[in-house]
Amino acid sequence: MADLDSFRSETRAWLEANCPPEMRTPMRSEKDLCWGGRNFEFQSEAQKRWLDVMASKGWTVPDWPKEYGGGGLSPAESKVLKEEMRALGCRPPLTSFGISMLGPALLKYGNEEQKKRFLTEIARGEIRWCQGYSEPGAGSDLAGLQTKAEDQGDHYLVNGQKVWTSYADQADWIFCLVRTSSESKHGGISFLLFDMESPGVSTKPILLISGNSPFCETFFDDVKVPKDQLVGEVNKGWDVAKYLLGHEREMISGMGLGSGIGTGASGVMLGPVAKPEDPLLRAEIAAFDVDALAFAAMSERFIDQLKAGEAHPALPSMMKYAGTELNKRRNELVMAAGGSDALEWDSERSKGGKSARDWLRSKANSIEGGTSEIQLGIVAKHILRLPGA
Amino acid sequence: MMTLTDDQRLLQDSVRPFMAEEGAIKKQLRHWRDTGCTDGYGTDFWRQFAELGLTGILIPEAQGGSGLGLVEAGVVLEEVGRNLTPSPFLTTAVAAVRALEGSAQAERWFPGIIAGETVATLAIDEGKHHNPARTAMEARRQGNGFVLNGAKQFTVHGNSADVILVAARTGGAAGESDGLTLFVVEKGANGLSVETATLADSSKAARLRLDNVAVDADAVIGEVDGGWAPLSRALNAGRAGAAAELVGVAAGASEMTFEYLKQRKQFGKLIGEFQVLQHRAAHLYGEIEIARAAALKAAQLLDAGDDRAELFVSVAKAKAGRVSALAVQEGVQMHGGIGMTDEHDIGLYMKREAVLSELFGSPRFHAARVAELSGY
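These protein sequence lines are chains A and B, in that order.
For the record, in the first sequence the residue sitting at position 24 is 24 according to this note's numbering, with numbers rising by one throughout.
For the record, in the second sequence the residue sitting at position 246 is 246 according to this note's numbering, with numbers rising by one throughout.
These are calculated hints, taken from the structure and not from any lab test.
The C-beta atom is built at its ideal place from N, Cα and C for all residues, glycine as well.
Hints are supplied without guarantee of correctness; some may be wrong.
[Said to hold, decoys possible] Below are the BS3-like pairs computed for lysine-lysine, each with C-alpha atoms no more than 30 Å apart in a straight line:
1) A:Lys185 with B:Lys262
2) B:Lys262 with A:Lys381
3) B:Lys351 with A:Lys242
4) B:Lys26 with A:Lys185
5) B:Lys128 with A:Lys381
6) A:Lys227 with A:Lys108
[Stated by the list, open to error] Computed footprint of chain A on chain B, listed as stretches where at least three residues anywhere in the stretch have a Cβ under 8 Å from a Cβ of chain A:
7) 52 to 58
8) 257 to 268
9) 315 to 327
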């Protein structure tokens with residue numbers, strides 16, 4: 001406990017000395033996130049400096065081992081770092097699917113060489129990853145995927161199509177589920193890593209109802225992938241895929257936390273909206289706040305349970321379901337509170353239709369990463385052990 | 001950390017089997033209900049709480065208790081809720097102890113509470129809805145003491161309590177938190193009439209009438225006109241405790257229901273195979289986990305003396321009430337016809353939930369309080 005207290009004061013002092021003041025202001029939009037990668041355009045010198053100092057300390061991934069670019073912190077220390085960053089209002093230095101999804105899977109299933117190479121790149125923000133999971137014919141039934149990887153001796157030859165690949169057009173590498181055998185549905189899937197600049201890879205953004213294109217279609221036409229870029233064993237990729245999905249769901253559940261406590265003029269968890277005059281709206285916001293604050297407590301407990309090894313493996317599904325349904329409700333309330341102001345689509349006044357676009361974007365939350373119905377099915381089967389689930 | 005410590009787990013490991021066996025529905029709730037017990041709980045059973053050291057759970061070690069906190073009390077109350085175990089634990093060992101602590105009255109009542117011989121409760125509500133700031137009961141100075149006049153209701157265990165902590169107004173106006181004073185009124189006081197009200201869950205509450213009940217100056221807990229402080233301590237503890245008990249009610253009802261889904265057959269298959277029920281069950285499971293986290297958070301913040309404790313107490317009470325209501329409603333519905341019978345236990349959970357949700361403020365009261373505490 002005394003050690004943790006001194007870690008806390010050292011951490012606070014270090015953050016105060018090293019976090020640029022510009023990186024202690026609230027983010028205005030998703031555009032303020034630092035994704036890293038080969039082609040990332042930093043928004044400011046401060047953003048770059050913040051990434052560099054944090055990466056050199058291993059604190060972009062504080063609880064990863066030091067030999068892979070992490071900070072080697074204990075769960076309790078990571079929590080302290082997070083709390084201190086929150087207290088000072090520090091922005092996350094780096095956000096990436098490498099950190100939240102691929103990294104944990106590589107730590108568990110990658111070989112030493114893969115861990116050294118890929119984890120270190122992720123920790124430094126050098127390579128931006130995207131996720132090749134869903135296909136036109138394999139959405140909720142993900143294991144029905146058909147993208148083929150043929151063994152050509154020294155490499156795999158990949159052909160097929162992925163869809164809903166988040167930011168594929170901006171990513172450097174992809175972690176991709178491919179079919180290496182047609183003899184078994186789940187037992188014919190392998191987990192490959194490859195460079196998006198490989199010949200034969202192309203992407204096409206998908207325009208969503210929000211007017212934005214965070215997702216792409218991704219096409220593979222005779223893409224050669226070196227064999228040492230297979231993670232785990234051939235035809236055992238489903239285990240890696242499921243493990244990674246757990247982490248994806250954990251990440252997505254975080255959106256249930258919204259902008260955090262105490263940020264709004266009204267509605268602790270709603271964000272900055274004007275004080276509601278309508279008593280019915282106030283009641284709805286209050287009911288939402290009860291649920292959102294309770295969920296915040298659950299998120300904290302969930303992370304502590306994960307770190308203590310006490311979390312049921314299917315718990316991320318519960319969290320993903322609850323967090324995304326909450327985020328959809330939050331956006332509905334923002335629209336209700338905003339009235340006709342919130343319907344403006346591109347005016348300066350509406351920050352380019354932020355409310356409306358966020359609201360529409362949020363509808364994907366309960367679809368991406370496994371629909372709410374898929375998550376409930378997983379909970380019913382693996383936690384409640386209901387028959388035939 | 002929002003996981004239980006080793007000591008808290010040990011407590012859970014000892015309380016869980018005790019409540020499941022000694023505190024079981026058949027042995028306690030149904031037994032006392034069906035034999036027409038006027039207290040609504042067993043006094044010998046309450047002494048067993050004492051033998052386990054539970055009655056003094058919040059009382060400082062220097063005063064003979066265990067010196068534990070609301071997290072530990074919550075561990076006990078979740079098991080109480082799971083088994084619908086009737087006892088004066090919440091009112092006496094949690095709410096009243098917190099009101100009395102640090103006051104001159106503590107020395108007098110703590111030994112009896114620790115021994116399982118004294119039952120204490122709070123008399124706050126004056127109308128059908130909980131609203132302590134609206135307390136209007138008059139406490140007039142007279143000589144060296146006070147004279148109390150007015151009525152109270154929903155005084156849980158008020159008919160069996162040896163000591164009742166009564167909120168009354170010595171100053172200010174109804175609606176103000178200033179001007180309240182918390183008094184100790186003893187059983188059998190002159191001018192105190194107690195009407196027992198058996199509630200839907202077979203527990204006993206009391207409607208009190210105070211007609212010129214005279215108390216000494218030393219019957220005041222804390223300061224005259226400053227009763228809000230001990231009252232808030234008691235209510236925070238009582239609400240956090242009720243939230244934990246509600247989580248237990250939800251857990252007990254849902255576990256019973258999930259089990260039923262694996263046994264009951266219709267259309268040639270187990271009803272738990274129907275996806276329409278699976279998804280509702282999974283949703284309920286998640287809500288209970290969230291409510292449990294909220295109750296734990298509230299207890300931890302209270303134990304730590306954190307500024308956000310009041311907010312999270314209301315979050316926990318509101319959330320646990322809502323979730324517990326969902327659990328018992330789904331419980332009865334998924335049991336079908338058998339769930340409507342007195343013979344089956346699931347209906348008992350529905351009755352208990354209704355009483356606990358109302359106690360110390362309904363989910364609506366606490367949602368409104370979340371709004372007020374958040375400045376909207």
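To see whether the hints hold, each was checked on the structure:
A C-alpha spacing of about 29 Å is found between lysine 185 of chain A and lysine 262 of chain B, which places the hinted pair at or below 30 Å, so the restraint holds. Restraint check: the Cα-Cα separation between lysine 262 of chain B and lysine 381 of chain A comes to about 12 Å, which is no more than 30 Å; the hinted pair holds. With a C-alpha separation of about 42 Å, the suggested pairing of lysine 351 of chain B with lysine 242 of chain A is violated against the 30 Å cut-off. Our distance criterion of 30 Å between C-alpha atoms is broken by lysine 26 of chain B and lysine 185 of chain A, whose separation comes to about 51 Å.
Under the criterion of a C-alpha separation no larger than 30 Å, the hint pairing lysine 128 of chain B with lysine 381 of chain A is inconsistent with the structure, at around 43 Å. As the CA atoms of lysine 227 of chain A and lysine 108 of chain A are separated by approximately 19 Å, the hinted pair is consistent with the 30 Å bound. Coverage of the region 52 to 58 of chain B by chain A is violated in this model, with 0 residues showing a Cβ closer than 8 Å to a Cβ of that chain against a need of three. Counting residues of the region 257 to 268 of chain B whose C-beta sits closer than 8 Å to any C-beta of chain A gives 3, which meets the bar of three, so the coverage hint holds.
Only residues whose C-beta sits within less than 8 Å of a C-beta in chain A count toward coverage, and the region 315 to 327 of chain B has 5 of them, enough to reach three; the restraint holds.
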